[in-house]
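*Asks:* Sequence:
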Amino acid sequence: MEDFFKKILYTGVGLVSLTAEKLQETVDQLVGDGKMSAEEGKKIVDEFLNSAEAKKDELENRMKQAADEVVSTLKIPTKKDYEELVKRIEALEAKLAAKPASKASKAKGGKTQSAE
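In the numbering used here, the protein residues as written are 295 to 410.
Just so you know, the hints here were simulated from the structure itself, not pulled from any lab data. We put the beta carbon where it would ideally sit given N, CA and C, even for glycine. A portion of the hints provided could be inaccurate.
[As the list claims (entries may be wrong)] DEER-style ranges, computed between Cβ atoms:
| no. | residue 1 | residue 2 | range |
| --- | --- | --- | --- |
| 1 | Glu384 | Asp340 | 45 to 55 angstroms |
| 2 | Glu315 | Ile370 | 35 to 45 angstroms |
| 3 | Glu347 | Glu384 | 40 to 50 angstroms |
| 4 | Leu317 | Glu384 | 52 to 62 angstroms |
| 5 | Asp362 | Glu384 | 40 to 50 angstroms |
| 6 | Asn355 | Lys381 | 24 to 34 angstroms |
| 7 | Asp327 | Val364 | 43 to 53 angstroms |
| 8 | Ser345 | Asp297 | 20 to 30 angstroms |
| 9 | Thr313 | Leu386 | 51 to 61 angstroms |
| 10 | Lys389 | Ser345 | 51 to 61 angstroms |
| 11 | Asp351 | Leu386 | 41 to 51 angstroms |
| 12 | Thr320 | Leu368 | 43 to 53 angstroms |
| 13 | Glu378 | Glu352 | 23 to 33 angstroms |
[Said to hold, decoys possible] 27 angstroms max Cα-Cα, derived BS3-like pairs, lysine-lysine:
| no. | residue 1 | residue 2 |
| --- | --- | --- |
| 14 | Lys316 | Lys336 |
| 15 | Lys336 | Lys350 |
| 16 | Lys300 | Lys393 |
| 17 | Lys337 | Lys349 |
| 18 | Lys350 | Lys301 |
| 19 | Lys336 | Lys349 |
| 20 | Lys300 | Lys316 |
| 21 | Lys358 | Lys369 |
| 22 | Lys350 | Lys316 |
| 23 | Lys301 | Lys337 |
| 24 | Lys389 | Lys374 |
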């Protein structure tokens with residue numbers, strides 16, 4: 295799911311990049327035609343890029359919140375949940391492996407020699 299949101303975000307970033315290129319071309323043409331100063335053109339492009347960056351960050355945060363809500367609503371285990379479960383299983387396996395062999399043989403035979 296996170297990959298899906300990343301793809302959407304990167305698509306948006308790509309569109310902004312194309313728009314910035316077209317804006318720069320238009321500004322360059324206006325500057326070349328004498329309809330705008332180089333300073334004005336640079337200011338317009340910089341303002342656009344700064345605005346786009348702020349919107350990207352805002353969109354990224356909103357998408358993360360939406361993804362978190364979906365995961366929470368559907369009760370999908372997170373990567374952190376998964377890693378915690380793996381650690382718990384490994385700890386339990388280690389405890390089982392550390393049990394003395396005598397307890398294991400009692401469980402198999404059901405009786406000990408002293409009980410006979």
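*Asks:* Indicate, hint by hint, whether the structure satisfies it.
*Replies:* Verification of the hints:
no.: 1; hint: Glu384 with Asp340: 45 to 55 angstroms; verdict: 53 angstroms, holds
no.: 2; hint: Glu315 with Ile370: 35 to 45 angstroms; verdict: 39 angstroms, holds
no.: 3; hint: Glu347 with Glu384: 40 to 50 angstroms; verdict: 43 angstroms, holds
no.: 4; hint: Leu317 with Glu384: 52 to 62 angstroms; verdict: 55 angstroms, holds
no.: 5; hint: Asp362 with Glu384: 40 to 50 angstroms; verdict: 27 angstroms, violated
no.: 6; hint: Asn355 with Lys381: 24 to 34 angstroms; verdict: 30 angstroms, holds
no.: 7; hint: Asp327 with Val364: 43 to 53 angstroms; verdict: 50 angstroms, holds
no.: 8; hint: Ser345 with Asp297: 20 to 30 angstroms; verdict: 27 angstroms, holds
no.: 9; hint: Thr313 with Leu386: 51 to 61 angstroms; verdict: 55 angstroms, holds
no.: 10; hint: Lys389 with Ser345: 51 to 61 angstroms; verdict: 57 angstroms, holds
no.: 11; hint: Asp351 with Leu386: 41 to 51 angstroms; verdict: 43 angstroms, holds
no.: 12; hint: Thr320 with Leu368: 43 to 53 angstroms; verdict: 46 angstroms, holds
no.: 13; hint: Glu378 with Glu352: 23 to 33 angstroms; verdict: 31 angstroms, holds
no.: 14; hint: Lys316 with Lys336; verdict: 14 angstroms, holds
no.: 15; hint: Lys336 with Lys350; verdict: 21 angstroms, holds
no.: 16; hint: Lys300 with Lys393; verdict: 47 angstroms, violated
no.: 17; hint: Lys337 with Lys349; verdict: 18 angstroms, holds
no.: 18; hint: Lys350 with Lys301; verdict: 13 angstroms, holds
no.: 19; hint: Lys336 with Lys349; verdict: 20 angstroms, holds
no.: 20; hint: Lys300 with Lys316; verdict: 24 angstroms, holds
no.: 21; hint: Lys358 with Lys369; verdict: 16 angstroms, holds
no.: 22; hint: Lys350 with Lys316; verdict: 19 angstroms, holds
no.: 23; hint: Lys301 with Lys337; verdict: 30 angstroms, violated
no.: 24; hint: Lys389 with Lys374; verdict: 23 angstroms, holds
In terms of the numbered hints stated before, the structure departs from hints 5, 16, 23, listed from lowest to highest.
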